[in-house]
Structures are given as structure tokens and as C-alpha cells.
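Asks: Taken in sequence, the protein lines are chains D and F.
Under our numbering, the first residue of the first sequence is numbered 1, with each subsequent residue one higher.
Under our numbering, the first residue of the second sequence is numbered 1, with each subsequent residue one higher.
Simulated from the structure, these hints should not be mistaken for lab results.
Keep in mind that this is a model prediction, so the values were computed, not measured.
A few of these clues could be false.
Heads up, incomplete: computed chain F residues facing chain D, CB under 10 Å, no partners named [unchecked claim]:
1) Thr38
2) Thr125
3) Asn127
4) Thr130
Result set (DSBU-like, lysine-lysine): computed pairs, CA atoms no more than 30 Å apart in a straight line [claimed, not checked]:
5) Lys139/D to Lys197/D
6) Lys139/D to Lys97/F
7) Lys102/F to Lys139/D
8) Lys31/F to Lys50/D
9) Lys102/F to Lys31/F
10) Lys219/D to Lys97/F
11) Lys197/D to Lys102/F
Every residue gets a Cβ at the ideal spot worked out from N, C-alpha and C, and that includes glycine.
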Amino acid sequence: MITETAVIRAAEAGLSAYCVLTALQALVDYERYTATGVLNWEVARLQFNKQWQQVTSDILFRGSRSRWLLVAHLLGGMSLGFQAATNTSSVIPASLVIVTTLLMGVRHHAGFNGTYHLSLVVALAVLWGRATQNPVSVKVAIAFVGLQSVLAYALSGWLKLGNADWRDGDVLTRLSESEIWIADSAATILARSPASKTVIAWSILTFECLFPVVLFLPKSAAVAVLLSGFLFHFINAVFLGLNTFLFIFVATYPAIYYLNRVIHTTVF
Amino acid sequence: MSNITYVDWQLLIIITLLVIYTALTVVNTVKPRSMYATFGQFTRFIPRYSFFAPDAGVASLEFAYRDHLTDGRTTDWRDVEDIRFTISWWTWVWNPKRTRQKALDVMGFWLLNHLNHVYDVGNDTINLRTLDDDINHHSHEMLVRFAVAQPHHQQATATQFRINQSLRSEDHTRTMLISRAYTLNSLAHDN
Numbered sequence: 001m002i003t004e005t006a007v008i009r010a011a012e013a014g015l016s017a018y019c020v021l022t023a024l025q026a027l028v029d030y031e032r033y034t035a036t037g038v039l040n041w042e043v044a045r046l047q048f049n050k051q052w053q054q055v056t057s058d059i060l061f062r063g064s065r066s067r068w069l070l071v072a073h074l075l076g077g078m079s080l081g082f083q084a085a086t087n088t089s090s091v092i093p094a095s096l097v098i099v100t101t102l103l104m105g106v107r108h109h110a111g112f113n114g115t116y117h118l119s120l121v122v123a124l125a126v127l128w129g130r131a132t133q134n135p136v137s138v139k140v141a142i143a144f145v146g147l148q149s150v151l152a153y154a155l156s157g158w159l160k161l162g163n164a165d166w167r168d169g170d171v172l173t174r175l176s177e178s179e180i181w182i183a184d185s186a187a188t189i190l191a192r193s194p195a196s197k198t199v200i201a202w203s204i205l206t207f208e209c210l211f212p213v214v215l216f217l218p219k220s221a222a223v224a225v226l227l228s229g230f231l232f233h234f235i236n237a238v239f240l241g242l243n244t245f246l247f248i249f250v251a252t253y254p255a256i257y258y259l260n261r262v263i264h265t266t267v268f
Numbered sequence: 001m002s003n004i005t006y007v008d009w010q011l012l013i014i015i016t017l018l019v020i021y022t023a024l025t026v027v028n029t030v031k032p033r034s035m036y037a038t039f040g041q042f043t044r045f046i047p048r049y050s051f052f053a054p055d056a057g058v059a060s061l062e063f064a065y066r067d068h069l070t071d072g073r074t075t076d077w078r079d080v081e082d083i084r085f086t087i088s089w090w091t092w093v094w095n096p097k098r099t100r101q102k103a104l105d106v107m108g109f110w111l112l113n114h115l116n117h118v119y120d121v122g123n124d125t126i127n128l129r130t131l132d133d134d135i136n137h138h139s140h141e142m143l144v145r146f147a148v149a150q151p152h153h154q155q156a157t158a159t160q161f162r163i164n165q166s167l168r169s170e171d172h173t174r175t176m177l178i179s180r181a182y183t184l185n186s187l188a189h190d191n
């Protein structure tokens, strides 16, 4: 049986990798925040239509403050990694990550994806897991992460299932047309075999819609599903460049496995 | 004898908050517009797990701009970004361009979506110069500001932007939108 401490440390390690990666990518590609960049502050502040929001956000983000925010996020991520490695109990790393993550959510009017929200979920759970002395509280923190992750797959899958373009595989046709989203090699593979688009689409639909079943499967089957999840995100990272999904979703898998074991020892 | 049950109120409160947060997650994923109407900007902190769902929402948009010069001429269209995603051995772990590509694509998508909703232009190119109304959507002002912020010709008095859609199956790009011309000293348009 995986321990609560191991789950919290695994979540910290995955979140650390995610935060360090996103911060470094933003710092290396900082041009996007400068005067000619797509995320320049004069553009981004237009998302706020109330004066108090504009004044407050100007104080927080104008000029080089965005860079310091990214540096703080990087340091938060690194300190989380250190904490995971040494199993020290401090609320400072997770608190720093939560604050910088919230601020980054305000700073970016566009460009983020759903991994942002999952990282917030994991950070909240890690903070509580480290702050509390109550073993029941730690279990609830882990359950929160596991259930949010399961929900992420299921909601996304059922929303897709309701769209005929997904059921027909036509979404993959549109995706393969997009030069932003998919690499030439993947587009070529999809174009060679139109039938493969339907197969791939239904594989994704089945995996996502039925993902909650992982909580109730026998141990080896649950591990197989989680390994499939890793493979799914790895393929997306390679062919669609969705690299951050690989780190943050896999960070939640120990929590899902933990829930699986708890359900099995309690119910079955 | 009475049984005194100890209630961990702190734990109970936190569990309640987490349950509410998770319920809001479900609503925000399924009914995002209703959530935004209720909570406004705060919805950005509530998870929304709609990965390419229900629609993929991929537009593959290219953004370009050109300048209007003092002598009446215009410069050539100048692309702002290389939007293509190209695989390298490291892009599965290191892909810093993804955020900026998506941001520009999304802003263009917002504007086109808004205009199609308001004016029902179908598949024709949208020429903002033919519209009398002000474009009251933040995406329009964002793209105007973005175009104005780019490097311009020394003799430029105004700038204009264009949104094209680039699809692999087509040899040429399709022009989705051409904007008005915006003076560089103010953000007013002079058509």
C-alpha cells in the first residue's frame, strides 16, 4: 500500500517539474511579454474593464515585475522539488507556488491550457498535506487531487462524446490541418489512413470517458490504465507539443492509485 | 451516559470548500458562459477541463500587419509569428513557443467568433472597414494594440492587420479578416 507521504512527495515532485518547466520556458521566451510580444502588458491589461482591476494589475505586472513573478515561480518550483527529495515539511514552497500561480493566471489573458488549473489543485493539496498534522486531513488532500484528476479526464471525454465531429473522427481531420497544433509527421500519418482517425478518436473517447473506472479496478489493471495515461500524454507531448500535460497529470497518478487501494481495502 | 462526539470543524470546513470547488469545476467545464456571467474574472481560478472539447477549437490563424505611408502607399503584409509546430527531439519536454502561438491563435479566434456571432458573415472574408459600428470586444482592442506595438516603417502613419487561416490541405492561405487602418499615434481608426 502506497503511503500518504509517498503520494504527497510524488505530487510535489511532479508539480515541481511542472513549475520549473513553465517558468523556464517563459523566462527563455520572455520576448512574448515585451512591447512587441503577444502577451505584452498593454495588450494583456485590456482583459480588465474595471478601473480598480487595471490599477491593481498595473502595480503587480507593469515593466519588469512580470519577470520577477516568473523567477519567484521558478524558485517556488525548485523549493518544492527540494522538499520532495528531502521530505521536509514546510508550507513555504507550496504557498509560494500557489501565490505565483494565481498571479500568473491574472497576468496571462491567453495562452494557458488546463494544466494551469490542475497545477493549482495539486498545489493546494500539497500545501494542506504539509500543513496539517491530522492524518485524515492528508487523506482528504490526496483524495481531492485524485478526484480532480479523474474528473478532468471524464468531463473532457463526455463533452467530446456529445460532439458528432469527435464521434466521426472529423475533429482529428481538422487537427491534422492545423500547423500550430500538430507536427507534419503526425498529420501525414493521419492523412494516410482516414479510418485511423475514427479509431484514434474512439480510443481517446473510450479512455477519457471510462477513466473513472480506474478507481475500482484490481491493482494490476489500475496500473495498466495509469501507464496508458502516461503513454497518451507522452504521444500528445511528442506530436502536439503539449509537454506540460505529461508532468502535471502524471503527478496526480500516485493519488489516483492511492484512492484505488483505499477503495479496494474498504469496499472489496 | 452521553456520547460526546468530537467534530474537527477545521477539517469539515475544508472538506466543504473542496466539495464546493469541485462542484464549481463541473459547472465551469459544462457551462462556462453561465459561470463567467456569475463570477466574471474569478472563473479563471476555477478548473475547466475541456481539452479539445466539446469542439477542438483549432483555427490555425496567422496574424500579419502592414503600414499605410505618408505618400498613400502601403507596405507588404508582414507576418508576426512563425506558427508552425515542428518536432525536434526535445519538443516533447521543451516547447516554449507553444504559449505564444496559442495566445495569438486564441485572440484571433475570439475576434472571429465575436464577429460571426454579431454579423453572421458565414465563410466570407470579414472586412472591418465595411462595418459602421465600433467593435466592442476586448479581442479587437487587444489585436489593434498588438499591431500598433510592432515595428513600423519610418513613414508609417497608420497600420492595418490581417488574419489568415493556414491549412495543410490548401496551397494558399485563406483571408478571414482585414481590419481597419489604425493611426499610430492614437488608437483611432481612419478607415
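Asks: What are the numbers of the hints that this structure violates, sorted from low to high?
Replies: As far as the earlier hints go, 1, 2, 3, 4, 5, 6, 7, 10 are violated by this structure, in ascending order.
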